[in-house]
Amino acid sequence: MALPGQTQLSHMEEFMEGIWKQNPVFVMVLGMCPTLAVSVSAVNSLSMGIATTFVLVCSTLLVSLIRKLVPKEVRIATYIVIIATFVTVVDYLIQAISLAVYDALGAFIQLIVVNCIILGRAEAHASKNPPLRTVVNALGMGLGFTLGLLSLGAVREIFGAGKLFGFSLFGPDFQPWVVMVLPPGGFFVLGAWLLLFNWLKNRKVDGALVKPLEGHTHA
Amino acid sequence: MTGAAAVNVTSSRAMVATLGLVATLCGVLIVSAYQGTLSAVTANKRIALERAVFKVIPGAASMKEFVATTAGIEPAAGQSSGNGVKFYAAYGPSGELKGIAAEGGATGYADVVRILYAYDPDRQAITGLGVVGMRETPGIGDKILTDQAFLANFAALDVRLDADAKALANPVKVVKHGSKRNPWEIDAISGATVTSKAVGKGINDSAQRLLPRLAPNLDKLRSK
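Keeping their order, the protein sequence lines are chains A and B. The numbering of the first sequence is the working numbering, which starts it at 1 and goes up by one. The numbering of the second sequence is the working numbering, which starts it at 1001 and goes up by one.
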């Protein structure tokens, strides 16, 4: 299905796109609103990631299935209706599974509608690719987003509450860094992760990869 | 400028048809998701509410939902009129009235702090406090759930009615940390005064409306 002169990515490469090369959180820096807001704990991050992945996969699959029927003038309206539908579905599903998670995520479940990762995938990928390829790519993107959220949520929970997935790590004497679960903490942790990824990327570009990996210590 | 005018312009009919088709499909999806999850969602909400009520009223084994209006009290049946005050009567294992729980809410530091309090009709006092929902600052405002000194305020917070049973004899008041003198005062948490005040206001507003309506009808609640 590749256009002439264009190399077609294998399905594996398509899947890895979202996890590494085009990671929505660390490379494209998309969807920062839910990323910073719900990543106060690992459980919240994981649930938000799964919910977003569900919406992403379902809506891009449907968009891809009807891509040849939709006139280009009304494509954005169509995509938004489809995305909003699956967000509503996921909203009910989360309420049915756990009200505690539903309350913790709050308005950010409904706000998945305007998550630019999803509309971005629908417009840039699903509307031009067959269903299987689309689903594989969406799964990778969703997983990449979930991993991004988890790496923020885990760090913030460890420092901000002394726990990971609700399990106490340091015992009762630990004095939590409350700032980590407050909004500024989100920016600190995101900044630190971006720093790490950019440093890794630059190191690779510089060709310094021949050196053995030195243990980088960060307090 | 209709669709027929140019070759590469999509006809309006095709656009309307596409949107109509997609909207229909999406409508069906949403309705089936709603129908499919409805029973689980209602069950979840009931369990969460029961858990919250049983937490503020120790020893309770079952509960019933009532609405108190100016005319009296009646079991809550589906959607009630907006004028009534909802409350929950909690019963022990052998059917005796263990206490009454009601919700209150007032604006805190970040958003409305929604609380659930337990009322003991025999002692005419608030005997427990729980939080239904809040977005207060973690580590500061959420101390209302963990600060033992603050929770001690609700061991027996006096809410007796005045002589003609139209309002509380002494409105529930939040006072500065360490200056509680009377049993109807709440000693605020130092550093979380705004949230403490929201709790006090939530209790006072709700109790002022509910308790005068409840008092003449207590006997109806005694037996299950």
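For the record, the hints were derived by calculation from the structure and aren't laboratory data. Ideal Cβ positions, reconstructed from N, Cα and C, are used throughout, including at glycine. Some hints could be false.
Sample of chain A residues lacking proximity to chain B, with all beta carbon distances greater than 10 Å (derived) [stated by the list, open to error]:
hint	residue
1	Q8
2	F15
3	K72
4	V81
5	G106
6	G120
7	F165
8	G166
9	V178
10	L195
Label-pair ranges, simulated between beta-carbon atoms [to be verified]:
hint	chain 1	residue 1	chain 2	residue 2	range
11	B	D1158	A	A107	14 to 24 Å
12	B	E1050	A	Q110	38 to 48 Å
13	A	G191	B	G1036	40 to 50 Å
14	A	G171	B	K1220	44 to 54 Å
15	B	A1040	A	V178	18 to 28 Å
16	B	V1028	A	A104	23 to 33 Å
Taking the hints in turn, this is what the structure says about them:
Its beta-carbon lying about 28 Å from the closest one in chain B, A/Q8 satisfies the requirement of being farther than 10 Å from that chain. With a minimum CB-CB distance of about 26 Å to chain B, A/F15 clears the 10 Å threshold, and the non-interface call stands. Not every C-beta of chain B lies more than 10 Å from that of A/K72, the closest at about 7 Å, which undercuts listing it as non-interface. A Cβ of chain B approaches the Cβ of A/V81 within 10 Å, the least distance being about 5 Å, so the stated non-interface status is violated.
The beta carbon of A/G106 is not kept farther than 10 Å from every beta carbon of chain B, the shortest such distance being approximately 8 Å. At the 10 Å boundary, the C-beta of A/G120 stays outside the reach of chain B, the nearest C-beta of that chain being 19 Å off. The Cβ of A/F165 lies farther than 10 Å from every Cβ of chain B, with a closest approach of about 17 Å, so its non-interface assignment holds. The claim that A/G166 is not at the interface with chain B holds, since no C-beta of that chain comes within 10 Å of its own (minimum 14 Å).
Not every CB of chain B is more than 10 Å from the CB of A/V178 (nearest about 4 Å), against its label as outside the interface. For A/L195, the non-interface assignment is confirmed: its Cβ lies about 25 Å from the closest Cβ of chain B, beyond the 10 Å cut-off. Taken as a hint, the range 14 to 24 Å is violated for the pair B/D1158 and A/A107, whose Cβ atoms sit roughly 38 Å apart. The hinted range of 38 to 48 Å is not satisfied by B/E1050 and A/Q110, whose Cβ atoms lie roughly 27 Å apart.
Taking 40 to 50 Å as the suggested C-beta distance range, the pair A/G191 and B/G1036 conforms, at roughly 42 Å. Look at A/G171 against B/K1220: about 52 Å separates their beta carbons, and that is inside 44 to 54 Å. Checked against the hint of 18 to 28 Å, the C-beta distance between B/A1040 and A/V178 comes to roughly 35 Å, which is inconsistent with it. At about 30 Å, the CB distance of B/V1028 to A/A104 agrees with the hint of 23 to 33 Å.
Hints 3, 4, 5, 9, 11, 12, 15, counting from the list given before, are not met by this structure.
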